[in-house]
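Visitor: When you get a sec, could you build the whole thing from the sequences and use the hints?
Letter 200 of the sequence shown, counting from 1, is numbered 200 in the working numbering, and no numbers are missing.
Bear in mind the hints are in silico, worked out from the structure with no lab data behind them.
From a predicted model like this one, the values you see are computed outputs, not experimental measurements.
Treat the hints loosely; a few may be bogus.
What the hints assert, rightly or not - Below, computed lysine to any residue pairings styled on SDA-like, alpha-carbon distance capped at 25 Å:
1) Lys315 x Leu342
2) Lys315 x Leu172
3) Lys283 x Leu321
4) Lys33 x Thr140
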Amino acid sequence: MNFSALSIRNPIPAIMLFALLTFAGILAFRANKVQDFPDIELPIVTVTATLDGAAPAQLETEVARKLEDSIATLQGVKNIYARVLDGVATITVEFILEKDLSDAVNDVRDAVSRVRADLPAEMRDPSVTKTTTAGRVVLTFTAQAADAHGRPALDAPDLSWFVDNTVSKRLLSVPGVGAIKRVGGVTREVRVELDDQKMAALRVSALDVSRLLRNVQREEPGGRGDVSGAEQSVRTLATVQTAQELARMEIPLPDGRHVRLDEIAHVSDTVAEPRAIAEQDGKPVVGFEVFRTRGAGEMDVANGVRKAVAELQQKHGNVVLREVIDNAAPVEENFDASMDMLYEGAALAVLVVWWFLRDWRATLVAAAALPLSVIPAFLGQYLFGYTLNMVTLLSLALVVGVLVDDA
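Guide: Structure representation (C-alpha coordinates):
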(Lines of atoms letter the chains of each structure in order from A and count residues from 1; the text may use other names and numbers.)
(Lines give C-alpha, C1' and ligand atoms only; values in the text may rest on other atoms or scores of the structure.)
Protein backbone atom coordinates (compact mmCIF):
# COMPACT_ATOMS: atom_id res chain seq x y z
CA MET A 1 0.00 0.00 0.00
CA ASN A 2 1.32 3.43 -0.98
CA PHE A 3 1.14 5.51 2.19
CA SER A 4 1.73 8.77 0.30
CA ALA A 5 -1.11 8.16 -2.15
CA LEU A 6 -3.41 7.09 0.69
CA SER A 7 -2.60 10.26 2.62
CA ILE A 8 -3.32 12.42 -0.43
CA ARG A 9 -6.72 10.81 -0.95
CA ASN A 10 -7.55 10.96 2.79
CA PRO A 11 -5.57 13.89 4.25
CA ILE A 12 -7.47 14.16 7.55
CA PRO A 13 -5.96 11.03 9.25
CA ALA A 14 -2.43 12.02 8.16
CA ILE A 15 -2.90 15.57 9.42
CA MET A 16 -4.25 14.34 12.76
CA LEU A 17 -1.42 11.82 13.11
CA PHE A 18 1.32 14.38 12.54
CA ALA A 19 -0.45 16.91 14.74
CA LEU A 20 -0.58 14.33 17.54
CA LEU A 21 3.07 13.33 17.04
CA THR A 22 4.14 16.99 17.01
CA PHE A 23 2.24 17.73 20.22
CA ALA A 24 3.70 14.64 21.89
CA GLY A 25 7.17 15.61 20.66
CA ILE A 26 6.85 19.06 22.24
CA LEU A 27 5.84 17.50 25.57
CA ALA A 28 8.71 15.01 25.35
CA PHE A 29 11.17 17.82 24.58
CA ARG A 30 10.08 19.70 27.69
CA ALA A 31 10.23 16.58 29.87
CA ASN A 32 13.55 15.23 28.60
CA LYS A 33 16.78 15.63 30.57
CA VAL A 34 19.54 17.94 29.37
CA GLN A 35 23.11 16.66 29.64
CA ASP A 36 26.48 17.64 28.25
CA PHE A 37 27.26 14.15 26.93
CA PRO A 38 25.32 10.88 27.22
CA ASP A 39 26.06 8.51 30.08
CA ILE A 40 28.40 5.78 28.85
CA GLU A 41 29.28 2.59 30.70
CA LEU A 42 32.77 1.42 29.80
CA PRO A 43 33.74 -2.26 30.22
CA ILE A 44 36.29 -1.28 32.89
CA VAL A 45 36.24 -2.46 36.51
CA THR A 46 38.47 -1.08 39.27
CA VAL A 47 39.56 -2.98 42.38
CA THR A 48 40.90 -0.90 45.28
CA ALA A 49 42.65 -2.56 48.22
CA THR A 50 43.67 -0.49 51.25
CA LEU A 51 46.16 -1.52 53.94
CA ASP A 52 47.15 1.36 56.20
CA GLY A 53 50.89 1.75 56.67
CA ALA A 54 51.87 -0.90 54.11
CA ALA A 55 54.81 -0.22 51.81
CA PRO A 56 54.37 -0.48 48.02
CA ALA A 57 56.65 -3.53 47.86
CA GLN A 58 54.55 -5.34 50.46
CA LEU A 59 51.31 -4.49 48.68
CA GLU A 60 52.69 -5.66 45.35
CA THR A 61 53.70 -9.12 46.61
CA GLU A 62 50.95 -9.78 49.17
CA VAL A 63 47.97 -8.11 47.50
CA ALA A 64 48.35 -6.89 43.92
CA ARG A 65 49.89 -10.03 42.40
CA LYS A 66 47.38 -12.35 44.05
CA LEU A 67 44.47 -10.27 42.82
CA GLU A 68 45.94 -10.03 39.32
CA ASP A 69 46.47 -13.79 39.07
CA SER A 70 42.88 -14.47 40.15
CA ILE A 71 41.36 -11.84 37.83
CA ALA A 72 43.47 -12.93 34.84
CA THR A 73 41.56 -16.22 34.67
CA LEU A 74 38.27 -14.46 33.89
CA GLN A 75 36.73 -14.68 30.44
CA GLY A 76 36.81 -11.55 28.29
CA VAL A 77 39.69 -9.79 30.06
CA LYS A 78 41.61 -7.57 27.64
CA ASN A 79 44.12 -5.72 29.83
CA ILE A 80 45.01 -5.50 33.52
CA TYR A 81 46.73 -2.44 34.96
CA ALA A 82 48.07 -2.26 38.53
CA ARG A 83 49.09 0.83 40.48
CA VAL A 84 50.62 0.52 43.94
CA LEU A 85 51.12 3.43 46.33
CA ASP A 86 51.70 3.72 50.06
CA GLY A 87 48.81 1.85 51.66
CA VAL A 88 46.73 1.56 48.47
CA ALA A 89 46.77 -0.89 45.57
CA THR A 90 44.54 -0.16 42.57
CA ILE A 91 43.92 -2.73 39.85
CA THR A 92 42.09 -1.68 36.69
CA VAL A 93 40.58 -4.48 34.60
CA GLU A 94 39.63 -3.74 30.98
CA PHE A 95 37.24 -6.18 29.30
CA ILE A 96 36.31 -6.55 25.66
CA LEU A 97 33.50 -4.29 24.44
CA GLU A 98 31.10 -7.22 24.07
CA LYS A 99 31.30 -7.96 27.81
CA ASP A 100 28.27 -6.87 29.83
CA LEU A 101 29.38 -4.48 32.57
CA SER A 102 27.19 -6.03 35.28
CA ASP A 103 28.56 -9.49 34.50
CA ALA A 104 32.10 -8.08 34.52
CA VAL A 105 31.61 -6.55 37.97
CA ASN A 106 30.19 -9.80 39.35
CA ASP A 107 33.03 -11.84 37.84
CA VAL A 108 35.68 -9.55 39.31
CA ARG A 109 33.96 -9.57 42.70
CA ASP A 110 33.92 -13.38 42.67
CA ALA A 111 37.60 -13.46 41.69
CA VAL A 112 38.46 -11.18 44.61
CA SER A 113 36.43 -13.33 47.00
CA ARG A 114 38.35 -16.45 45.95
CA VAL A 115 41.66 -15.02 47.16
CA ARG A 116 40.36 -12.98 50.11
CA ALA A 117 41.62 -15.61 52.57
CA ASP A 118 45.14 -15.28 51.12
CA LEU A 119 45.25 -11.51 51.62
CA PRO A 120 46.39 -9.87 54.88
CA ALA A 121 43.77 -10.33 57.59
CA GLU A 122 44.08 -6.75 58.85
CA MET A 123 43.25 -5.36 55.40
CA ARG A 124 39.75 -4.12 54.71
CA ASP A 125 37.76 -5.95 52.05
CA PRO A 126 38.75 -4.68 48.58
CA SER A 127 36.16 -2.52 46.84
CA VAL A 128 35.00 -3.32 43.31
CA THR A 129 33.60 -0.44 41.25
CA LYS A 130 32.62 0.04 37.62
CA THR A 131 33.71 2.89 35.37
CA THR A 132 31.05 5.16 33.92
CA THR A 133 30.88 8.70 32.60
CA ALA A 134 27.92 9.43 34.89
CA GLY A 135 28.32 10.81 38.39
CA ARG A 136 30.24 13.98 37.53
CA VAL A 137 30.39 17.01 39.82
CA VAL A 138 27.61 19.47 39.04
CA LEU A 139 28.07 22.17 41.67
CA THR A 140 30.61 22.99 44.36
CA PHE A 141 29.80 25.05 47.45
CA THR A 142 31.67 26.34 50.47
CA ALA A 143 30.38 26.60 54.02
CA GLN A 144 31.83 29.24 56.31
CA ALA A 145 30.85 30.14 59.85
CA ALA A 146 29.16 33.51 60.09
CA ASP A 147 30.79 36.02 62.42
CA ALA A 148 29.06 36.42 65.76
CA HIS A 149 30.37 39.44 67.71
CA GLY A 150 33.70 39.35 65.93
CA ARG A 151 34.34 35.61 66.08
CA PRO A 152 33.00 32.55 64.19
CA ALA A 153 29.87 31.02 65.68
CA LEU A 154 30.92 27.49 64.68
CA ASP A 155 34.34 25.91 64.94
CA ALA A 156 35.84 23.53 62.36
CA PRO A 157 34.44 20.27 63.87
CA ASP A 158 30.92 21.71 64.18
CA LEU A 159 31.03 23.13 60.66
CA SER A 160 32.26 19.81 59.25
CA TRP A 161 29.49 17.95 61.08
CA PHE A 162 26.96 20.46 59.73
CA VAL A 163 28.04 19.62 56.17
CA ASP A 164 28.19 15.86 56.78
CA ASN A 165 24.84 15.68 58.54
CA THR A 166 22.49 18.58 57.80
CA VAL A 167 23.62 19.57 54.31
CA SER A 168 24.12 16.02 53.03
CA LYS A 169 20.72 14.80 54.23
CA ARG A 170 18.90 17.73 52.64
CA LEU A 171 20.72 17.65 49.30
CA LEU A 172 20.51 13.87 48.92
CA SER A 173 16.72 14.25 48.92
CA VAL A 174 16.91 16.39 45.76
CA PRO A 175 16.00 14.30 42.67
CA GLY A 176 19.06 13.47 40.61
CA VAL A 177 21.65 14.01 43.37
CA GLY A 178 23.81 10.91 43.77
CA ALA A 179 26.39 11.86 46.38
CA ILE A 180 27.76 14.70 48.48
CA LYS A 181 31.52 14.81 49.04
CA ARG A 182 33.06 17.04 51.68
CA VAL A 183 36.28 18.86 50.81
CA GLY A 184 38.43 20.08 53.67
CA GLY A 185 37.20 20.39 57.22
CA VAL A 186 38.04 17.93 59.97
CA THR A 187 36.88 14.48 61.00
CA ARG A 188 36.26 13.65 64.62
CA GLU A 189 38.17 10.73 66.08
CA VAL A 190 38.91 9.22 69.48
CA ARG A 191 42.67 8.77 69.75
CA VAL A 192 44.20 6.09 71.99
CA GLU A 193 47.93 6.65 72.61
CA LEU A 194 49.44 3.60 74.32
CA ASP A 195 52.14 3.76 76.99
CA ASP A 196 54.58 0.99 76.08
CA GLN A 197 56.31 0.96 79.48
CA LYS A 198 53.08 0.47 81.45
CA MET A 199 51.90 -2.15 78.95
CA ALA A 200 55.16 -4.07 79.26
CA ALA A 201 54.94 -3.99 83.05
CA LEU A 202 51.40 -5.38 83.00
CA ARG A 203 52.14 -7.76 80.10
CA VAL A 204 49.45 -6.24 77.88
CA SER A 205 50.01 -6.21 74.13
CA ALA A 206 48.76 -3.74 71.55
CA LEU A 207 46.87 -6.63 69.95
CA ASP A 208 44.83 -7.07 73.16
CA VAL A 209 43.89 -3.40 73.13
CA SER A 210 43.05 -3.50 69.43
CA ARG A 211 40.84 -6.55 69.93
CA LEU A 212 39.02 -4.83 72.80
CA LEU A 213 38.40 -1.66 70.80
CA ARG A 214 37.14 -3.70 67.87
CA ASN A 215 34.60 -5.46 70.09
CA VAL A 216 33.47 -2.23 71.74
CA GLN A 217 31.61 -0.80 68.74
CA ARG A 218 29.35 -3.77 68.12
CA GLU A 219 25.66 -4.44 68.37
CA GLU A 220 24.57 -8.05 68.02
CA PRO A 221 21.10 -9.60 67.84
CA GLY A 222 20.22 -11.45 71.03
CA GLY A 223 17.15 -13.35 69.88
CA ARG A 224 13.74 -12.90 71.51
CA GLY A 225 12.60 -12.69 75.10
CA ASP A 226 9.49 -12.36 77.27
CA VAL A 227 9.27 -8.75 78.48
CA SER A 228 6.20 -7.69 80.49
CA GLY A 229 4.20 -10.58 79.10
CA ALA A 230 5.00 -9.77 75.48
CA GLU A 231 7.62 -11.15 73.14
CA GLN A 232 10.27 -8.56 72.31
CA SER A 233 13.42 -8.56 70.20
CA VAL A 234 16.62 -8.50 72.24
CA ARG A 235 19.93 -6.90 71.25
CA THR A 236 23.30 -6.91 72.97
CA LEU A 237 24.75 -3.39 73.06
CA ALA A 238 28.49 -2.86 73.46
CA THR A 239 28.92 0.66 72.15
CA VAL A 240 30.32 3.68 73.97
CA GLN A 241 29.13 7.24 73.48
CA THR A 242 32.05 9.31 74.77
CA ALA A 243 35.82 9.09 75.10
CA GLN A 244 35.42 9.03 78.89
CA GLU A 245 33.36 5.84 78.67
CA LEU A 246 36.00 4.29 76.44
CA ALA A 247 38.75 5.26 78.89
CA ARG A 248 36.93 3.38 81.66
CA MET A 249 36.85 0.14 79.68
CA GLU A 250 38.59 -2.73 81.46
CA ILE A 251 41.20 -4.93 79.82
CA PRO A 252 41.74 -8.47 81.18
CA LEU A 253 45.29 -9.32 82.27
CA PRO A 254 46.96 -12.74 81.96
CA ASP A 255 46.78 -13.27 85.76
CA GLY A 256 43.03 -12.71 85.85
CA ARG A 257 43.08 -9.10 86.98
CA HIS A 258 41.66 -6.18 85.00
CA VAL A 259 43.13 -2.80 84.18
CA ARG A 260 41.36 0.27 82.88
CA LEU A 261 42.29 1.57 79.45
CA ASP A 262 43.23 5.02 80.76
CA GLU A 263 45.80 3.39 83.08
CA ILE A 264 47.89 2.21 80.12
CA ALA A 265 46.94 4.78 77.49
CA HIS A 266 45.92 8.37 76.99
CA VAL A 267 42.41 8.59 75.51
CA SER A 268 41.38 11.88 73.93
CA ASP A 269 38.43 13.10 71.90
CA THR A 270 40.07 15.02 69.06
CA VAL A 271 40.11 15.34 65.27
CA ALA A 272 41.94 13.30 62.67
CA GLU A 273 45.01 14.59 60.90
CA PRO A 274 43.75 16.70 57.96
CA ARG A 275 44.51 15.24 54.54
CA ALA A 276 42.94 18.07 52.52
CA ILE A 277 42.18 21.72 53.10
CA ALA A 278 39.78 24.17 51.49
CA GLU A 279 40.27 27.93 51.47
CA GLN A 280 38.32 30.83 50.03
CA ASP A 281 39.82 34.32 49.90
CA GLY A 282 42.63 33.09 52.12
CA LYS A 283 40.27 31.88 54.87
CA PRO A 284 39.67 28.22 55.79
CA VAL A 285 36.26 26.91 54.75
CA VAL A 286 34.53 23.56 54.37
CA GLY A 287 33.62 22.74 50.80
CA PHE A 288 31.24 20.14 49.43
CA GLU A 289 30.73 18.81 45.91
CA VAL A 290 27.38 17.69 44.50
CA PHE A 291 27.40 14.66 42.18
CA ARG A 292 24.52 13.66 39.93
CA THR A 293 23.17 10.18 39.38
CA ARG A 294 23.07 8.27 36.12
CA GLY A 295 20.36 9.56 33.80
CA ALA A 296 19.86 12.85 35.62
CA GLY A 297 20.25 16.19 33.86
CA GLU A 298 22.81 18.72 35.05
CA MET A 299 20.44 21.65 34.71
CA ASP A 300 17.62 20.00 36.67
CA VAL A 301 20.02 18.91 39.41
CA ALA A 302 21.59 22.37 39.62
CA ASN A 303 18.22 24.10 39.94
CA GLY A 304 17.03 21.68 42.62
CA VAL A 305 20.28 21.96 44.60
CA ARG A 306 20.27 25.76 44.48
CA LYS A 307 16.72 25.80 45.83
CA ALA A 308 17.66 23.40 48.66
CA VAL A 309 20.79 25.42 49.53
CA ALA A 310 18.69 28.61 49.68
CA GLU A 311 16.36 26.89 52.16
CA LEU A 312 19.32 25.77 54.27
CA GLN A 313 20.76 29.28 54.23
CA GLN A 314 17.46 30.70 55.42
CA LYS A 315 17.15 28.20 58.29
CA HIS A 316 20.79 28.36 59.44
CA GLY A 317 21.89 31.95 59.71
CA ASN A 318 25.10 31.03 61.55
CA VAL A 319 26.53 29.49 58.35
CA VAL A 320 27.26 31.21 55.04
CA LEU A 321 26.85 28.95 51.98
CA ARG A 322 28.41 30.13 48.71
CA GLU A 323 28.43 28.59 45.25
CA VAL A 324 31.99 28.60 43.90
CA ILE A 325 31.99 26.24 40.89
CA ASP A 326 29.12 25.79 38.43
CA ASN A 327 29.61 22.94 35.97
CA ALA A 328 25.98 23.17 34.85
CA ALA A 329 26.43 26.58 33.19
CA PRO A 330 28.60 25.24 30.32
CA VAL A 331 26.03 22.49 29.78
CA GLU A 332 23.27 25.06 29.42
CA GLU A 333 25.43 27.13 27.07
CA ASN A 334 26.21 24.11 24.90
CA PHE A 335 22.53 23.16 24.83
CA ASP A 336 21.48 26.65 23.76
CA ALA A 337 24.22 26.73 21.12
CA SER A 338 23.15 23.33 19.76
CA MET A 339 19.52 24.42 19.56
CA ASP A 340 20.54 27.66 17.82
CA MET A 341 22.56 25.60 15.35
CA LEU A 342 19.50 23.42 14.71
CA TYR A 343 17.30 26.48 14.10
CA GLU A 344 19.90 28.10 11.84
CA GLY A 345 20.40 24.91 9.86
CA ALA A 346 16.67 24.53 9.27
CA ALA A 347 16.31 28.18 8.22
CA LEU A 348 19.29 28.01 5.87
CA ALA A 349 17.99 24.78 4.33
CA VAL A 350 14.65 26.42 3.54
CA LEU A 351 16.38 29.50 2.09
CA VAL A 352 18.65 27.38 -0.10
CA VAL A 353 15.66 25.47 -1.46
CA TRP A 354 13.89 28.72 -2.33
CA TRP A 355 17.07 30.28 -3.81
CA PHE A 356 17.75 27.42 -6.21
CA LEU A 357 14.20 26.30 -7.07
CA ARG A 358 12.44 29.67 -6.94
CA ASP A 359 9.28 27.70 -6.23
CA TRP A 360 7.18 28.67 -3.21
CA ARG A 361 5.36 25.34 -3.23
CA ALA A 362 8.59 23.34 -2.94
CA THR A 363 9.85 25.76 -0.31
CA LEU A 364 6.69 25.34 1.79
CA VAL A 365 6.96 21.55 1.52
CA ALA A 366 10.53 21.66 2.85
CA ALA A 367 9.59 24.17 5.56
CA ALA A 368 6.71 21.96 6.74
CA ALA A 369 8.68 18.72 6.55
CA LEU A 370 11.46 19.91 8.86
CA PRO A 371 9.46 20.58 12.08
CA LEU A 372 7.04 17.71 11.39
CA SER A 373 10.03 15.35 11.23
CA VAL A 374 12.35 16.78 13.89
CA ILE A 375 9.82 17.45 16.65
CA PRO A 376 8.36 13.89 16.72
CA ALA A 377 11.96 12.65 16.93
CA PHE A 378 12.09 14.07 20.47
CA LEU A 379 9.29 11.67 21.39
CA GLY A 380 11.37 8.74 20.16
CA GLN A 381 14.36 9.99 22.15
CA TYR A 382 12.27 10.21 25.30
CA LEU A 383 10.69 6.77 24.88
CA PHE A 384 14.03 5.05 24.21
CA GLY A 385 15.82 6.78 27.09
CA TYR A 386 18.00 9.19 25.11
CA THR A 387 18.69 12.58 26.69
CA LEU A 388 19.18 15.96 25.04
CA ASN A 389 22.95 16.25 24.77
CA MET A 390 25.65 17.31 22.34
CA VAL A 391 25.58 14.01 20.46
CA THR A 392 21.82 13.71 19.92
CA LEU A 393 21.34 17.38 19.03
CA LEU A 394 24.28 17.29 16.63
CA SER A 395 22.75 14.23 14.97
CA LEU A 396 19.46 16.06 14.49
CA ALA A 397 21.28 19.07 13.05
CA LEU A 398 23.13 16.89 10.55
CA VAL A 399 19.99 15.08 9.44
CA VAL A 400 18.32 18.35 8.44
CA GLY A 401 19.96 18.15 5.02
CA VAL A 402 18.69 14.60 4.52
CA LEU A 403 15.16 15.72 5.41
CA VAL A 404 15.30 18.48 2.79
CA ASP A 405 16.45 16.02 0.12
CA ASP A 406 13.65 13.60 0.98
CA ALA A 407 11.07 16.38 1.04
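Visitor: Against the earlier hints, flag every one the structure doesn't satisfy and list their numbers going up.
Guide: Going through the list in order, the structure violates hint 1 alone and respects the others.
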